[in-house]
Amino acid sequence: MYNPLSYVSSCLFVLIAHAAMLANVFINGNYNSIADPAIIAGAVLLLDVAYFTALLFFKQTSYTIDFLLVLVLNMSVIFQSCFGQVKFDSDAIKHYITAVTALIACRVGFIACRNYKSLQNKRKFIYIAIGICIVLILTLTGSRSMWIQLGPISLQPSEFIKPLFILACATSVAEQQKKHKLLLFNVVYENIALFGLMAVICLLQWWCADLGSLPTFMAIYIAGFLLRICYPKAKLSKKTYISAAAALLVIAVIAFKFAPAYVQERLHADIWSDTNGSGYQQSQALIAIADGGWTGKGPGNGFLCNVAAHENDIVFATVCEEWGLLYALMMIFVILIMLAVPLINPPRSYYHATMSAGVCAAFTVQMALNIFGSCNMIPFTGVTIPFISAGGSSMMVSGFMIGMLAAAQSPVLDNTGGQPAAAPKPPANRPNKRPVRRKAV
Amino acid sequence: MKSIRRCQHIMSLFLVLFIAGMVTLVVKIQRESAFYMMNSDKHVLGMVYDRNGDVLFDGSLKEGDTSKYEDNYFIDVGNLIGDDKGQMTNTLVAKNIEKLNNYSFSEGVVNEGGKAAIYTTLDHKANRTVYNAFAGNDGCAVAYNYKTGEILVCTSLPSLDVTKGYSELKSFREGTLMSKNMSGTVPGSTQKVSTVISALEIMGPERLLSKTFSCSGKYTNKSGKVIDCHELYGHGDLTLQQAVEKSCNPYFAQLVEDPDLDFEELKKMYTKLGYSVNGAEPEYIDIDGIECQKASTNLTDPYDFQTQWGCMGQGDTLVSPIQLMMWQSAVANGTGKMTMPHLIKEVTNVKGKITETASTSYSNALFSEKTADSMKQILLTNGANNYTYLIRNHTVGVKSGTAQVQNGQKENSLLVGFVTDPELPVAFCVVVEDRNNTYLTAEYITQVMLDALTPQAN
Chain A
1 MYNPLSYVSS CLFVLIAHAA MLANVFINGN YNSIADPAII AGAVLLLDVA YFTALLFFKQ
61 TSYTIDFLLV LVLNMSVIFQ SCFGQVKFDS DAIKHYITAV TALIACRVGF IACRNYKSLQ
121 NKRKFIYIAI GICIVLILTL TGSRSMWIQL GPISLQPSEF IKPLFILACA TSVAEQQKKH
181 KLLLFNVVYE NIALFGLMAV ICLLQWWCAD LGSLPTFMAI YIAGFLLRIC YPKAKLSKKT
241 YISAAAALLV IAVIAFKFAP AYVQERLHAD IWSDTNGSGY QQSQALIAIA DGGWTGKGPG
301 NGFLCNVAAH ENDIVFATVC EEWGLLYALM MIFVILIMLA VPLINPPRSY YHATMSAGVC
361 AAFTVQMALN IFGSCNMIPF TGVTIPFISA GGSSMMVSGF MIGMLAAAQS PVLDNTGGQP
421 AAAPKPPANR PNKRPVRRKA V
Chain B
1 MKSIRRCQHI MSLFLVLFIA GMVTLVVKIQ RESAFYMMNS DKHVLGMVYD RNGDVLFDGS
61 LKEGDTSKYE DNYFIDVGNL IGDDKGQMTN TLVAKNIEKL NNYSFSEGVV NEGGKAAIYT
121 TLDHKANRTV YNAFAGNDGC AVAYNYKTGE ILVCTSLPSL DVTKGYSELK SFREGTLMSK
181 NMSGTVPGST QKVSTVISAL EIMGPERLLS KTFSCSGKYT NKSGKVIDCH ELYGHGDLTL
241 QQAVEKSCNP YFAQLVEDPD LDFEELKKMY TKLGYSVNGA EPEYIDIDGI ECQKASTNLT
301 DPYDFQTQWG CMGQGDTLVS PIQLMMWQSA VANGTGKMTM PHLIKEVTNV KGKITETAST
361 SYSNALFSEK TADSMKQILL TNGANNYTYL IRNHTVGVKS GTAQVQNGQK ENSLLVGFVT
421 DPELPVAFCV VVEDRNNTYL TAEYITQVML DALTPQAN
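For the protein sequence lines, the chains are A and B, in the order given.
Following the numbering used here, the numbering of the first sequence begins with 1 at its first residue and continues without gaps.
Following the numbering used here, the numbering of the second sequence begins with 1 at its first residue and continues without gaps.
Treat the hints as calculated values from the structure; they're not laboratory data.
Computed from a predicted structure; not experimentally measured.
Take the hints with a grain of salt, since some may be wrong.
Taking beta-carbon pairs under 7 Å as the criterion, some of the chain A residues facing chain B (in silico) [said to hold, decoys possible]:
1) Leu140
2) Phe225
3) Ile229
4) Ile242
5) Ala245
6) Ala246
7) Ala247
8) Gly298
9) Phe303
10) Cys305
11) Ile344
12) Ala353
13) Ala357
14) Thr364
15) Cys375
16) Pro379
Where is the CB? At the ideal position from N, CA and C, for every residue including glycine.
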């Protein structure tokens, strides 16, 4: 089958997209010396070429996600290097390094998650890793926060729990066959463990007074839960959907009712009545979006760079201001295409599909929290847009999760004939049907 | 494969919900971006014009720039049109500032040549003439076309020239920063119009017009309180028409006590007319965003002095001049429906494209056409019998009033009414404050206003 997304044309597409962005920086950007955008251009194109070369060493059925990843990462590098002024300064360099880290994390995620059997056998280590993250948060973070300070580096261990939690959900799928009698009920131990884990995460977020990431974990859990309860044969009927929606509604109502005071305040905040206080960031973000219009004020010409968290919590508005709403939507569109790849190219097993659904849930909820929160559609939280916001932990974890998506596309290939090896073993009563694999591109 | 599709459905659900949210966000930004920019320090405001193209507000003026317009050019509309400085919050500019924003999402902020503007229904020349007629006395006057709802004159004294800024704020007299036409005032005997309308509606014209009550100069009501008449020796037996013309308080006290005037029905009628009765939540009439206070009164018992006093326009009763004028429109139209007043005729955006055009609207029927006709006849007869020489060249239906304010230390003179001339379908309300310290009369202001609005005068 002919696939237009061939390696060379994909490389060219990414390079042209970045070149167009860089041309905009050269023409409309605010810089002191031509060397500033030139350095950015060199760094971006170097990373592109390096990644394209590195990809040659990985045998995959599809490279679509990888090309999209490097496309969006270098878009992010260009954005972050231009906020306020076009300059490849220390912040831009830091972001560039985290982008490289994300690409490496993606490869790690790809390698770690493609072999279902291997992960299934080691799933106790997933729980242990989550436990370590929780202990780190409880012991090493100061004053009930989510951050661990290691010299110049800040780490957010809760970010690392996200992919681990997705893996825990995905690897529990096969365990659904193993029901045990507990009191009067037939239960799956793994489900109880996951429920307990979710409860611990909720408590942890509450303890850290940082409930911003909670919806992301909830989304992962709900996606995993829905896919577990109907495994292997049960259908996701309308009844299931309605029940799940009703349960969600009840949980949301209870959560809002008993939310801490600072959350309640955000729920009912009128940002325009306190534009110099609690509504400062959001009101400035909205003004910046309005000021940027469709096409933006030009790279480096924004004022939002003077507002705290312009590079992460309100990064959507910062991009809108300098590059325009159209470009910001395009940036989100690229991330959405990455998440939609499993819809076009189906994951090769239920485990991989559950993993993809978890990644999709985590990314969409996180993007929604950031974008809609900063634009005053929902309460403002301090979460990041994957790949676009600055932040090492977020970038690394997002890269890893995209690696998980890529792994769901490609079977494990041996070194001899390119044939799939160690394919996931279907459950005993499951028809041995496999999705049609596409030809490698 | 079905099980994989199930996972894809879940993913699709997340993606679709997110995309729906993004679409909502884009729509929201499109609709609200002008508002966001108004909250920044980068906005550039457009103009406000009167119905003939006279400037009423110039957004391009720098603070303190008094060279572009003659001295006090804006003073007659200062507290109605207002400005963007934030000192006055209930003005046309303050309430519609987004419409003046020379900004669009696609164009951005247009510093030069933006065409965002509000075209009002006001007649600046007539408004200025009326303002000058007050000769520095305090008061207010408002007139509108009761066929279309266009406010033609709306001035309130004292006022200010907004181009001069607010450095002398502390020396401003009370009431300078608000249009008194929008605020509740003691209506005096103009309130009797509401009482007569209610009585006509409850009892029917035939029954009410056939009734007579006697006035001997004083009336001791059924709770033992004395109500004085301004005519020391009384008016004798009075019909409704005579009572309205003489503005006889004992007549109205007896009318309120009359068992034929069901008190509960009276309260309902007052509520229907728009009064906030007995402490009900006060409301506002919205005139292009400007909040106009609605009437309020206390009606507790038909034999109670304060209740009777309230039905004559004293006591706790408060009505804004605009609302007094609007009731006149319901009478003048002969339908019992008020024509809703508006100040904005058209709005244009930054490119000069018309984005809003006013249309005439009416309230629900407050009373029947029969009641409207009877009331109209009563007011026209009053106008013909008593105001022919006070308001010349215009056929008017009117009711005057004297309102005691500041615990009786001052008296305000009021006149409400309408003109029947089809070329000048105008309803009005004029208030002259502290009438005992001025030779100015409400009738004179009305004469000046109607003359200024008469088509040939323009």
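Hint check:
Evaluation of the Leu140 (chain A) hint against chain B yields a violated restraint, the C-beta minimum of about 33 Å exceeding 7 Å. Interface hint status for Phe225 (chain A): violated, as the beta-carbon distance to the closest one in chain B is roughly 10 Å, over 7 Å. Interface restraint check for Ile229 (chain A): the shortest CB-CB distance to chain B comes to about 11 Å, outside 7 Å, so the restraint is violated. For the restraint placing Ile242 (chain A) at the interface with chain B, the shortest Cβ-Cβ distance is roughly 13 Å, beyond the 7 Å limit, so the hint is violated.
A least Cβ separation of about 10 Å between Ala245 (chain A) and chain B goes past the 7 Å threshold, and the interface hint is therefore violated. The beta carbon of Ala246 (chain A) is not positioned within 7 Å of any beta carbon in chain B (closest approach about 16 Å), and the interface hint is therefore violated. Evaluation of the Ala247 (chain A) hint against chain B yields a violated restraint, the C-beta minimum of about 15 Å exceeding 7 Å. Checking Gly298 (chain A) against chain B: minimum C-beta separation of about 12 Å lies over 7 Å; hint violated.
Given hint, Phe303 (chain A) at the interface with chain B, is violated; its Cβ is 9 Å from that chain's nearest Cβ, farther than 7 Å. Interface hint status for Cys305 (chain A): violated, as the beta-carbon distance to the closest one in chain B is roughly 16 Å, over 7 Å. Residue-level restraint check for Ile344 (chain A) is violated (minimum Cβ-Cβ distance to chain B is 10 Å; threshold 7 Å). A distance limit of 7 Å between C-beta atoms decides the matter here; for Ala353 (chain A) the minimum to chain B is near 3 Å, and the interface restraint holds.
With its C-beta approaching chain B no nearer than about 5 Å, Ala357 (chain A) sits inside the 7 Å limit, and its interface hint holds. A hinted interface residue such as Thr364 (chain A) counts as satisfied when its beta carbon comes closer than 7 Å to some beta carbon of chain B; here the least separation is about 4 Å, so the hint holds. For the restraint placing Cys375 (chain A) at the interface with chain B, the shortest Cβ-Cβ distance is roughly 6 Å, inside the 7 Å limit, so the hint holds. Given the 7 Å rule on beta carbons, the hint for Pro379 (chain A) is violated: about 14 Å separates it from the nearest Cβ of chain B.
Hints 1, 2, 3, 4, 5, 6, 7, 8, 9, 10, 11 and 16 from the earlier list are contradicted by this structure; the remaining hints agree with it.
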